[in-house]
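Which chain is which? The protein sequence lines are P and E, in order.
Here the first sequence is numbered in my numbering, starting from 1 and rising by one per residue.
Here the second sequence is numbered in my numbering, starting from 1 and rising by one per residue.
Since the hints were made in silico from the structure, they are not lab data.
None of these values were measured; they are calculated from a predicted model.
Any given hint might turn out to be false.
Residues from chain P that face chain E, not an exhaustive set, calculated with beta carbons under 8 Å [what the hints assert, rightly or not]:
#: 1; residue: Val71
#: 2; residue: Asn103
#: 3; residue: Gln105
#: 4; residue: Phe108
#: 5; residue: Asp110
#: 6; residue: Ser113
#: 7; residue: Ser114
#: 8; residue: Glu127
#: 9; residue: Ile131
#: 10; residue: Met160
#: 11; residue: Glu165
So the derived list for chain P, only partly shown, Cβ under 7 Å to chain E, looks like this [to be verified]:
#: 12; residue: Val75
#: 13; residue: Gly79
#: 14; residue: His92
#: 15; residue: Lys94
#: 16; residue: Met106
#: 17; residue: Leu115
#: 18; residue: Arg161
#: 19; residue: Val198
#: 20; residue: Arg271
#: 21; residue: Tyr304
Glycine included, each C-beta is placed from N, C-alpha and C at the ideal position.
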Amino acid sequence: MTAESHKSKILLELRDVRKWFPVKEQGFVGSRQVANIKAVDGVNLVIYRGETLGLVGESGCGKTTTGKVIVKLEVPTTGQILYNGQDIYAFHTKEDEMYFKRNVQMIFQDPYSSLNPRMLVMDIIGEGLDIHEPKMSKLRRDEKVYDLLDKVGLERYHAMRYPHEFSGGQRQRIGIARSLSVNPELVVADEPVSALDVSVQAQILNLMQDLQKQFNLTYIFVAHDLSVIKHVSDRVAVMYLGTIVEYGSNNQVFTETGHPYTVSLMSAIPRPDPRRKMKRIVLPGEPPSPINVPTGCRFHPRCYKSDGEKCIKEDPPMIELEEGHLVKCHYPEM
Amino acid sequence: MATVTDKDAKGPSTAELLRVGDEAPVEKSPSHWSTVWKRFQRNKLAIYGFFVILVVVIMAILAPVISQHYPTALDPLFDKYGGGGADEHPSLKYPIGTDTLGRDLFSRIVWGSQISLLVGITASALSTFIGVILGALAGYYRGMTEEIIMRLTDMFLAVPFLLIAIVAVSFLRSGRIEFLQNMTHATIMISVLGLFGWAGLARLTTAEVKRVMTLEYVSAAICLGASDWRIISKHVLPNILSPLVVVTTLNIGGNILAEAGLTFLGFGDPQTVSWGRVVNEGVINLINNPEQVFIAGFGIFFLVLAFNIVGDALNDAMNPRLKD
C-alpha cells in the first residue's frame, strides 16, 4: 500500500511528543526544579485504522508513558496528538472530550489492581455505559454486560461476583470487557499479558485478536516481550530511552532489522532449535538514566557499531531504509 | 422390557454435565462487609467489647424505663422506710447508694450514659465528616488545595487541645454571644470535640486517597470519562473506608474520655447528668463513699475500653492480608 492511500486511514498521529517529569528538590520554602526525567522525548508515530501497532522496549524506556499520553492519563510537556486530525488536548466542547474518551480506551497491565475490589463485575463492566449512556434502561445495560461477558469468554453468573474471586487471566478478560463496553475505535493495551502465565498469555492474545475482528479495533500494543509483539503486531516501533529507534512493518523489523539496538534485542530471543548457531550480542552496561541522556545518538555508549566520533556528536536522523521502514542510526545494518 | 435406548446407555453427556456450572444460581457473592462481620465474630474479645457497648446503648435508650427516679431528684424515697439521705451506701432502696445531695446514683449513672454515648458518637461523626471531606479534597486535587488543607491540619494538630477546649467551653457558656446562650451542655461538648478532632483523620484520608489514586482502576475510570464525583464516591472512598471506620471507632472512645475529663474539671452544665460529673461530685467523698467515684469511673473505663477493643478488632477483621 502506498503512503498516499494510507493518509485517509490515519487514526492517530503523535507529533514530536515529549513528556518530561520534573525532578524537584525540597527547599526551605517551596521546591525548585533541578532536572527532568525525559520519559518520552520526541516521539513521532502514526497509527492506521484497523492495524495493531506493537510498541516494544526495555523497562523504563517510556513505552507505558507514551500509552498514557495517548489516552490522556498524562499530559505531554510538548507536542501534539491528533485523533482523526483533531488535537486531543485542544477540544472545545465537553461532547468532543466525551467522544474521545468513548473511542479511545486502555487495557491495563496489572489485572490485580485494575479492577475495583469493592465493585461487582456487573458494575465494573457497566460503568462505561452508566457514564456515556445514562438514559439506558437497567435491563438493557445488564443485557449488554452479559453480552460482553460472553464475548470475552466468561459466564453470565460471573457478573454477580467480586474481582477477588477470579484468576489473573479471568480478571484480564474483565478488564478487556470493561474497555470494550463503550465500543471504542482505538485500544491502548499496556502490557496486557506480561503479568500472566504463558499458557494464559496465549489465550488472552488470541481473545484480543478475535475481538479486534469483531469490534473493528485498532490496537496499540505495548510490551517488552518481543515474541508477543511479533505474534500480534502488523507494525512495530522499537523504543529506546524515550525515542523511537526503529519503526516498520512486522516483517521489516523482525527480518530486515536495521538498528543495532533491535539487532541485539533479536539476538536475545530464545529459539527452540539446538542446531542453530546463536550469535548473542550482549549490550554492555545498563540503559542510561533518562535524566542525563547521552549526547549525540542515545544508544552510542552501548552500541557495538559506535564509531566514537559522529555517534557521540550528532543525533542521527530517521533514515528511511525502504518504504515505511525507518531507522534512527548513522550506520544501520544492511 | 429391555430396549435400552441410546440415550439411557450413555447417561447425561459431558456437555450436559458441564452445563450445571452454567446454571449455577445467579447469586450475589458475599460482600466485603459480610466477610468482615464474619471475621469480627470470630474474635471473642471483640464480642465482649461489642456486648458492653450494646448494653450501654440499651441502657441509654431505655433510661426512663430502667431508672426509677429522676436523676436530679433529692432523696426521692425519703418518706419510705429503710435508709436514705445523703451519701447513702448501696442499699435495697438505692441499689448503688446516693450522692452528697441524696440523689439516686443508679439513676444518675443510667441517665449519664446518654450524654457519654451521644457526645462520643456525634463528636466523632462530626470530626470524621470534616476530616474525610477535607482529606478527600486534598488528596484528590493535590497542588495548592492540598498545601492549604495540610497546613491547616498542622495548625489544628499543634493546638493544645485541653486549653482550647477549656477556653471554648467557658466562652460558650459565658453568654456573651446571644445565640450561643441556649446551647446545651451536649451541644457545646460535641462542637468543641468535633471541631478540634478532625486533623488526624484528614491526614489519614489524604494519604489513603493519594494511595488509591495511583491504582489502575482509578486510571480506568478516568479513561472511561468518569466525573470527579464518581471517582471519589465510587472508586476512592469505598476503598479507604476500612481505616476510616477503625479510626472513627477509636475516636469515639477518646471523645467519651475527653467529655468525662472536661466535665470532671468542672466545665459544662451542672444541671446535666453525665459520668464525668458523677466522678467530679464524688471526689470529695472518696474516703467515706468510694463507690460514688468508682462506679462511674469504671463505667467510663469499660466503655472506652470496649470501643478500643472493637476498633482494634475491626482493624484486624478488615485487614486484606488476612484471608479467612
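*Of the hints stated earlier, which fail here?*
When the structure is compared with the hints, numbers 2, 12, 13, 14, 15, 19, 20, 21 turn out to be violated.
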